[in-house]
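Note that the sequence shown covers residues 326 to 717 in the numbering used here.
In case anyone wonders, no lab produced these hints; they're calculated from the structure.
Any given hint could turn out to be false.
Stated by the list, open to error - In silico DSSO-like pairs for lysine-lysine, Cα to Cα no more than 30 Å straight-line:
1) Lys669 / Lys586
2) Lys420 / Lys704
3) Lys478 / Lys406
4) Lys657 / Lys478
5) Lys420 / Lys657
6) Lys704 / Lys657
7) Lys704 / Lys478
8) Lys657 / Lys406
9) Lys657 / Lys674
10) Lys586 / Lys674
11) Lys707 / Lys478
12) Lys669 / Lys657
13) Lys406 / Lys669
14) Lys674 / Lys420
15) Lys420 / Lys406
16) Lys478 / Lys669
To be verified - Derived Cβ-Cβ restraints for the label pairs, each shown as a range:
17) Cys708 / Arg417: 42 to 50 Å
18) Asn510 / Val577: 24 to 32 Å
19) Ala554 / Leu370: 18 to 26 Å
20) Ala578 / Gln457: 49 to 57 Å
21) Leu668 / Ser455: 25 to 33 Å
22) Ala437 / Asn401: 20 to 28 Å
23) Gln443 / Val517: 39 to 47 Å
All C-beta atoms in this analysis are idealised placements derived from N, C-alpha and C, irrespective of residue type, glycine included.
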Amino acid sequence: MVNLVVSEEPSALKSESGQTPTSPGRNHLRRKRWIVGITFLSLLLILATDALYRFLEGQPGPVTHLTGSGDVIQLNSARQKQFAGMVREEIRNVKVGATSQIAEQIERRIDASFDQLQQGVDGYLEWYFSAQGSYSRLYVAIAGDLAGWGANKIRERLMDESGYTDSIESLANEYPDIQNSIVLNELDRFQVVVDDYLNTYGAEIEMNSVNPDIPFMDFTNITQGPGVALELDRLATSASIGQNAAIGGFAVALVQYGGVKAASLFVRQFISRAAAQGARAAVTGATTAAASAFTGPFAVGVGVLTASASAAAFVATEYIALNAQETLHRPKMEQDIREFIELKRGETKMAYRLASGVAVDRIFESILADIAEREEQQKLDKCYRVFSGADC
């Protein structure tokens, strides 16, 4: 019997551990792949670290602020951006608040002055249509400048006697103080809002630990700086603008206005008719005396009688007709005077409003300019500035 012996192939042999042995070439390939993977991951980590470093390097650091109470506060970059937006909005609010408060106070005073003027209209008309007023107009129409005389009488009998002139002048004198007080109060309120934000969201540090490389902003120097003081001094000029609107040219313009001007034409027509009758010279002398002495509807006629009976009759008749004509015209004249006063009231308010608006705008333009200059000096990032941060 033959025993067959079968030998095992080398490829079928297993290691003692039961695993098929790996060839040296395959192990080398695996090590190579592992090294490449580690190298690639290391490169990615290096690139990510560099990108993060560059990103953080490009981000603004903290900003140091000095509060109104002298505290030193630091804001991180996120809070600084929010702070810049808050300051920008608050400056707008302060400007609007100051302008509206000034307008409210000034317009209240203007209304009181023009109410006095309206109350004085009745007294002025009583004098205007009195015998003395009538004779005075006749005399001036013959011998002088009726329009100039009429303007003087409006100033004297209406503007001065009603108290309007004194009231407007008092307002003009007090106006700079009113404006300054309101603006300074609003700036103080602005400082409080700024300090509240810094104290709430910032970190207090000691002055001796301030890093000179970190931007340093002092808002107390901005709101109390020389630029603001200069603009406050300029506020006084707006008072004269408003006063000129209220008083300058008022009487001259009223004489030429509507029914007031028409009333003077009646006198001129009377003088023209008297001249046509050859009674002008006589009327001149008669009205001179009548304006200061004798009064009544026939005073001019009596004065003329010594020169010519026919002239006296004509003048007396014409004067009665003149009085009747003027009396019929009185309601229209009163209406136009009161209308003119209201027009001037509106013009005066507008003049003061525009003048104060320009003055307040200049103050806050000065503040923004000071802030922008300080931000530029401190090299504050554009997106974290009050003036230019809105564009980011």
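Against the structure, the hints come out as follows:
Our distance criterion of 30 Å between C-alpha atoms is met by lysine 669 and lysine 586, whose separation comes to about 17 Å. With a C-alpha separation of about 27 Å, the suggested pair lysine 420 and lysine 704 falls inside the 30 Å cut-off, and the hint holds. A hinted pair counts as satisfied when its Cα atoms are at most 30 Å apart, and lysine 478 with lysine 406 does not qualify at roughly 64 Å. A distance of roughly 19 Å separates the Cα atoms of lysine 657 and lysine 478; the hinted pair therefore holds under the 30 Å criterion.
At roughly 44 Å between alpha-carbon atoms, lysine 420 and lysine 657 are farther apart than 30 Å, so this suggested pair is violated. At roughly 69 Å between alpha-carbon atoms, lysine 704 and lysine 657 are farther apart than 30 Å, so this suggested pair is violated. Simply put, lysine 704 and lysine 478 have alpha-carbon atoms about 66 Å apart, too far for the 30 Å limit, and the pair is violated. Restraint check: the Cα-Cα separation between lysine 657 and lysine 406 comes to about 65 Å, which exceeds 30 Å; the hinted pair is violated.
Proximity of lysine 657 to lysine 674 is assessed by CA-CA distance (about 26 Å); at most 30 Å being required, the pair is judged to hold. For the given pair, lysine 586 sits about 26 Å from lysine 674 by alpha-carbon distance, which is consistent with the 30 Å threshold. Proposed proximity of lysine 707 and lysine 478 is contradicted: the alpha carbons are some 64 Å apart, above 30 Å. For the hint pairing lysine 669 with lysine 657, the CA-to-CA distance comes to about 18 Å; that is within 30 Å, so the pair holds.
Taking the CA atoms of lysine 406 and lysine 669, the gap is about 48 Å. The hint is violated against a cut of 30 Å. With a CA separation close to 19 Å, the supplied pair lysine 674 and lysine 420 stays within the 30 Å bound. As the CA atoms of lysine 420 and lysine 406 are separated by approximately 22 Å, the hinted pair is consistent with the 30 Å bound. Restraint check: the Cα-Cα separation between lysine 478 and lysine 669 comes to about 18 Å, which is no more than 30 Å; the hinted pair holds.
Between cysteine 708 and arginine 417 the Cβ separation comes to about 19 Å, which falls outside the hinted range of 42 to 50 Å. At about 39 Å, the CB distance of asparagine 510 to valine 577 disagrees with the hint of 24 to 32 Å. The hint said 18 to 26 Å for the Cβ distance between alanine 554 and leucine 370, and at roughly 58 Å that hint is violated. In this structure the hint that alanine 578 and glutamine 457 lie 49 to 57 Å apart at CB is violated, the actual value being about 25 Å.
Range check, leucine 668 to serine 455: about 27 Å between beta-carbon atoms, so the 25 to 33 Å window is met. Between alanine 437 and asparagine 401 the beta carbons are some 53 Å apart, a value that contradicts the proposed interval 20 to 28 Å. Between glutamine 443 and valine 517 the Cβ separation comes to about 43 Å, which falls inside the hinted range of 39 to 47 Å.
Taken one by one, the earlier hints fail for this structure at numbers 3, 5, 6, 7, 8, 11, 13, 17, 18, 19, 20 and 22, listed in ascending order.
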